[in-house]
Each structure stands twice: as structure tokens, then as C-alpha cells.
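Colleague: Given next are the chains, with one letter for each unit.
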Amino acid sequence: MSGHSTYQPKTGFERWLDARLPIVRLGYDSFVDYPTPRNLNYWWTFGGILSLCLASQLITGIILVMHYTPSADHAFASVEHIMRDVNYGWLIRYMHANGASMFFIAVYVHMLRGLYYGSYKAPREVLWILGCVIYLLMMATAFMGYVLPWGQMSFHGAVVITNLFGALPIVGPSITTWLWGGFAVDNATLNRFFSLHYLLPFMIAGVVILHIWALHVVGQNNPTGVEPKSKADTLPFTPYATVKDGFAMSVFLILFATFVFYLPNALGHADNYVEANPLVTPAHIVPEWYFLPFYAILRAVPDKLMGVLAMFGAIACLFALPWLDTSKVRSMRYRPTAKLYFIIFVVACCILGLCGAKLPDDPVLGHFKTFTLGDADLNSFVWLSRFASLYYFAFFLVILPVLGLVEKTLPVPDSIASPALSHPAAAPAEATAAPEMKG
Amino acid sequence: MLRKLSVIAAVAGLMAAFAAAPALAAGHPLEPEKIHWSFNGPFGKFDQAQLQRGYKVYREVCSSCHSMKLVSFRNLGDKGGPFYNEKYPNSNDNPWVKAIAKEFEVGDIDSETGDAIKRPATSADRFPSPFPNEAAARASNGGAFPPDMSLLAKARTGGPDYIHAIVTGYKNPPAGLKVGPGQHYNPYMPGDLAAYWSGDHAHVPPGGFIAMAQPLTEGGVTFDDGTKATVDQQARDVSAFLMWAAEPKLEERKQTGFAVMIYLILFAGLLYASYRKVWKNESH
Numbered sequence: 001m002s003g004h005s006t007y008q009p010k011t012g013f014e015r016w017l018d019a020r021l022p023i024v025r026l027g028y029d030s031f032v033d034y035p036t037p038r039n040l041n042y043w044w045t046f047g048g049i050l051s052l053c054l055a056s057q058l059i060t061g062i063i064l065v066m067h068y069t070p071s072a073d074h075a076f077a078s079v080e081h082i083m084r085d086v087n088y089g090w091l092i093r094y095m096h097a098n099g100a101s102m103f104f105i106a107v108y109v110h111m112l113r114g115l116y117y118g119s120y121k122a123p124r125e126v127l128w129i130l131g132c133v134i135y136l137l138m139m140a141t142a143f144m145g146y147v148l149p150w151g152q153m154s155f156h157g158a159v160v161i162t163n164l165f166g167a168l169p170i171v172g173p174s175i176t177t178w179l180w181g182g183f184a185v186d187n188a189t190l191n192r193f194f195s196l197h198y199l200l201p202f203m204i205a206g207v208v209i210l211h212i213w214a215l216h217v218v219g220q221n222n223p224t225g226v227e228p229k230s231k232a233d234t235l236p237f238t239p240y241a242t243v244k245d246g247f248a249m250s251v252f253l254i255l256f257a258t259f260v261f262y263l264p265n266a267l268g269h270a271d272n273y274v275e276a277n278p279l280v281t282p283a284h285i286v287p288e289w290y291f292l293p294f295y296a297i298l299r300a301v302p303d304k305l306m307g308v309l310a311m312f313g314a315i316a317c318l319f320a321l322p323w324l325d326t327s328k329v330r331s332m333r334y335r336p337t338a339k340l341y342f343i344i345f346v347v348a349c350c351i352l353g354l355c356g357a358k359l360p361d362d363p364v365l366g367h368f369k370t371f372t373l374g375d376a377d378l379n380s381f382v383w384l385s386r387f388a389s390l391y392y393f394a395f396f397l398v399i400l401p402v403l404g405l406v407e408k409t410l411p412v413p414d415s416i417a418s419p420a421l422s423h424p425a426a427a428p429a430e431a432t433a434a435p436e437m438k439g
Numbered sequence: 001m002l003r004k005l006s007v008i009a010a011v012a013g014l015m016a017a018f019a020a021a022p023a024l025a026a027g028h029p030l031e032p033e034k035i036h037w038s039f040n041g042p043f044g045k046f047d048q049a050q051l052q053r054g055y056k057v058y059r060e061v062c063s064s065c066h067s068m069k070l071v072s073f074r075n076l077g078d079k080g081g082p083f084y085n086e087k088y089p090n091s092n093d094n095p096w097v098k099a100i101a102k103e104f105e106v107g108d109i110d111s112e113t114g115d116a117i118k119r120p121a122t123s124a125d126r127f128p129s130p131f132p133n134e135a136a137a138r139a140s141n142g143g144a145f146p147p148d149m150s151l152l153a154k155a156r157t158g159g160p161d162y163i164h165a166i167v168t169g170y171k172n173p174p175a176g177l178k179v180g181p182g183q184h185y186n187p188y189m190p191g192d193l194a195a196y197w198s199g200d201h202a203h204v205p206p207g208g209f210i211a212m213a214q215p216l217t218e219g220g221v222t223f224d225d226g227t228k229a230t231v232d233q234q235a236r237d238v239s240a241f242l243m244w245a246a247e248p249k250l251e252e253r254k255q256t257g258f259a260v261m262i263y264l265i266l267f268a269g270l271l272y273a274s275y276r277k278v279w280k281n282e283s284h
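Chains as they are written, first to last, in UniProt numbering: chain A, 1 to 439; chain B, 1 to 284.
Next comes chain A alone, as it looks inside the complex (with noise of 0.2 Å):
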């Protein structure tokens, strides 16, 4: 979408700027005058609202470090010092603390988004990478954050994850002995994981740059997945996307607001109120709301080693999404099968979720006692977890390669423009133009 600049200096001092350094030219090609599909719904503005969880982020967790001590012996006291003592510290925290989970709600949405209308698609699988490579780093920085306040959560939370990469043969307890820096979780991995929890943040920064830098080099998909094709497609970046991601934000702000000042530890731990202690293990360790999908399919495998690869196979799948989906139709809106095994995957990531909370023996349906096949008992959550993580990798690595080839889709409109001038309410298939089948 890189086409050539309409940016007209105004002012003398714009004019001999842009001779030196062409950046307002840059701003100004890449959120003013660039320009958007018509069609794009709500469900593009997560991006926008991505951003601004990012600023959030960096904002509060640079005033929360002006606060915090890292150290085994004072990081859960200097926490409480920021929320007893600290003018607004109980704000600033608790807005980082639900920042965090309203910023994987927003990268769960804007995922999906993804993967419903196919933005992973060629000329976008270097865009789509990037996104992947920047969900990998919020989730370590995630995990790491969550250690600092040095709760019982947080510590024991720590173990667990550090001794998954325990599971690898031979360099495994190397591994982890280099990662916590000494042989048990303390004072040298809480150093450590507050140092790189600062940095990761400042590498997704980058990374954010160079996943917009792609997403300006082959323009936004659609809803439609049609290419633009003309002027008439499009609209200019602002004010058409600015006001409507505004307004996206502002609603998404509200959600925010909520659990900030509502319910700020609706999505936290009880436990990690309570101090680390090495010595006591909480009952029943679980990860924080986000990850619980990942940890279901790591506990839905009894081999550790295994459950750990699968685990991470699970994020590897969506970097090879690209190759996997083998459908020369983009968005869903015209494969109505795909579209139905995408909502069963949903579901499936739902059901993941709710395993990772849950213990694994107690029974999904409580009403009846056991449902056991062989010596399993099926109507436990290690058993659901295990059906849903199948549904999980089959959706990647048999569903979307086989079905691209076979199924039957509905007519792709020729132009964004054309059934959207024409029909601007109407579904799609029937204000199709040229219908053409595809398959």
C-alpha cells in the first residue's frame, strides 16, 4: 500500500525538515493519508486498542519500578508499600496488573480476527510472524511480571514453569539452573526476571514497528479478504479509522475501567497475597487467566517431557499457520464449513481454559459420578483437555490443510467497493457481482 507520498510540507521549517528528515512525511503517509479498506469492521480496531495497551503498560510499569524493590527480601513488602503509600499507587498497579489481561483479551481478539478472515494469507505471512513473535514475548513478559511482587502464586508459579524446561533430555537441568541462576527459585532468578521483564517490553516496542512496517508494505485485509482494487475501496486513514478506533478504544477503556476500579483482583490469585515461602505449596497452582489454555495442554498429556513439546507445538502451529490453511479463498465469510469448525475451535480454546483452572480429577459434570472407559475416567477434566487439545491441533494440521482442498465455498465479490455501494447492510453472498467458485 506503499504508494508515493502526497505529503505537501507547509511551513518553511516542515519544508527544510523534510529535506533532512522526511519523519512528519512518515507520519503523515502512515496514519493520515494511508489509505484502509472501506469495509473494515470493529473487529480491526483491536490493533489500535493494542497499542494503547502497550502504552499503558510502559507508562505504569515505569513509575511502578521508580517504587519497586527487587530483592527476595523486600519486592513483596515494596508492593505493598506502592499500594499503601504512594500517591495513586494502587491505581498505577492495579491498572498494570489488569493491563496485562486486558492486553491478552485484546491479542486474543485481534488473533482470531486473523485467523477468521485469513490476514495470515499471502502476501501476509511475514505480518503474521511478526504478530506471533510478539505474542510469544508478552507472554514471557508476562510470566516474568507476575513473579515480581514475590506472592506465593508468583514464586511457585516460577517453579513450575522453569522446571518444564527441566523435561528437555540431558541439557534440561542445566537449563534450568541457568535460568533460575542457583539450584532453586530466589533472589538471583527474581533479579533476573525483573531485568528482562523491563526489556522484553522495549523489544515488543520494536517488533510492534516492524509488524506495522509489514502491515504498510501489503496494506490491511478485509473483511471480504478481496484485495482493494481501486480508489473507490478505500478511504484515507484519518479521520475514517482514527475516529472509529477512537471510539473502539474508548469503549475498550470502559471495559478496563471496570476491573480496575470494580474488581481489581477478580483475575488475580488470592494466594499470591500472600508472601513467597518456599517452604509452604499452595494447594492448587494456576497460572494466570491467559496462559490457562497453553497449561491445560501441557497437564492433558501424562508424559512431561511430551506435555511440554506439545505445549509449545501449540504455539508453533500458529507460525506455520501460513502453510498449514491451504484454502485459495481468504476470509471465512465465504467458507461456511471453515467457518464452523473456526467456532468449535473457539469453543475448543474456551473448554482449554476452563480445564487449565480446574483440577484435573474432578469431574466435569458433577452429577454423575464417573463415565469410565477402561481405566479412564472420561467425565474428569484431564480427559475434556485431552479431547479439546486433540480438536486443538487437529483444526491446524488436518482440518485447515484438507479442507482448503475440498470444501465447497460461496462466491468472492469482485471488489470491495461493489457490493458495499450497493448493498451496504446486506450479507455478502448475495450481493455478489461476478460470483466465481473457488476451491
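These are computed hints drawn from the structure, not numbers from a lab. All clues stand as given, with none of them false.
Here are the computed distance ranges between Cβ atoms for each label pair:
(1) LEU359/A <-> LYS45/B: 30 to 40 Å
(2) GLY142/B <-> ALA283/A: 17 to 27 Å
(3) MET203/A <-> ARG276/B: 32 to 42 Å
List of simulated lysine-lysine pairs, PhoX-like, C-alpha gap at most 25 Å:
(4) LYS229/A <-> LYS280/B
(5) LYS69/B <-> LYS102/B
(6) LYS231/A <-> LYS277/B
(7) LYS280/B <-> LYS231/A
All C-beta atoms in this analysis are idealised placements derived from N, C-alpha and C, irrespective of residue type, glycine included.
Fit chain B to the known structure of chain A by using the hints.
Modeller: Chain B alone, transformed into the frame defined by chain A:
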């Protein structure tokens, strides 16, 4: 369309099944009674008289074993606190706070001689702990460590409801339950009693063992405002006080939240109107 509907129906059915599944597998503790606290809800505030009564329960009952080391005396006089008075915006000047602090002795170093000394606390000091260290606390409590109370109301699932349920919930152990020395049966305490239960294995009693004996007695505390000191009343008051101790900025938070919400809703409305105006002549 029909297919979509059937998927939605299946999902809804699955959700309903999960929601209906009772979390009452054998061994789980009883669900604490949900109490209508004055600080519940978006406009909730602490009841100052209740906080003062709760402080008295803490002072006369809990503090003999439980520390509260994150709370300073001055916090008692902060806005929203039990002894806040608008005549003393700086809580260090608050005469009630000063008088309360003076009742406690804290350790210090004599600046002239360097000797370890004891001196009366000031409002800037934190609440001193009843035991010098964890080992001493365990030695005096049959091996159990009374948890610090500064954050207790946030550190337990159920918060103040849970604290109220624990201190009012002591029951005589059902026949067939072997209670060890220095242990007490409480149906609200998390735990698994299957190993101590000689009765029917499908009906293990709910709850667990707690080292603390029933701490509150009828009339054990005399409230200065004339409120009848039933066990339930004391439990409510001390739970409310502990909620304040754990979240002293709760009132400020909810009041700020209200202003933020009004601002955000107006802002969103304004942006929506702008959006409609900007997009008026554009199809999408």
C-alpha cells in the same frame, strides 16, 4: 443458519452443564455465607463505627497472636480509616491515633548509647508483631504460625465473607472424625479430611482442621458504642476491619472510579457521534 443455531445451542448446553455442576465433591469446604457489607458495590464505603468496633476486636483478641505488620498507626487516621477525622487531614496529628500508638511499645536503638531499647510507638510506627520471629510464634501456638493479618482479607478466597465464616463456623467434630491434639474442626477451612474419617467414604465431612481455637466468645469484647457484642457481630466487625487493613484505598478507588466512568462514557458518546458524522456519506 440451522447449523449455526445448533452449534450455539450445543455450546449453551455445555456451558449450562458446567454451571450446574456443583463444586461439592467430598472434602471441599462449605461455601461462606455472602454478607451484605457496607463496602460492597460500586458506591460502597466503610462503616466507620464498624471499623472502630472491628479494631477493638483485633486489638483485644486477634493481636495477641496475629501480626499486622504492613499497617502503620497513622493509617488508622487516613481517609476511609477507622479513626479518620476531617479536623486532622494529616493523620499523624490525629489525637486518637496518637493515643492508640502510645499503648504499644516498639523496639528502637538509643541514639546516644546505641543500646537496644523499647519506647512507646508513635503514629509513624507500624503495628509491632506479637512474636519476635516465626519460630517463636510457632513455639507459642502448638507449631502453627498465625498468618499476618495485613492482607488476610485479600489473601483468602471469599475475603471478609470467608473470615466471618471461619470465626463463626466452628462445629463439634462429627462422630467418626479423629481430631488431633491442638487441632479444631471447621467446615469452612480448606483441607481434606478423608484420612481422619472413619465413617462412610462417600460422605467425608466438609472443611478441614485449624490450629486456632474458636477465638470469639459471646460478650468477649465490650463495644464503646453500646452495640451488643454477639459472636456474629464481632466477626462481622473484625472482618470489615481486616478488609480495610487489606485495602485501605477502597473508598478512594471506588470514588475515583465513578468519576472516571462518567468521563469515559461521555467521551465514548462524543467519539461515537463524531464517528457517525465522519462516516455519514461513506458506505461501509
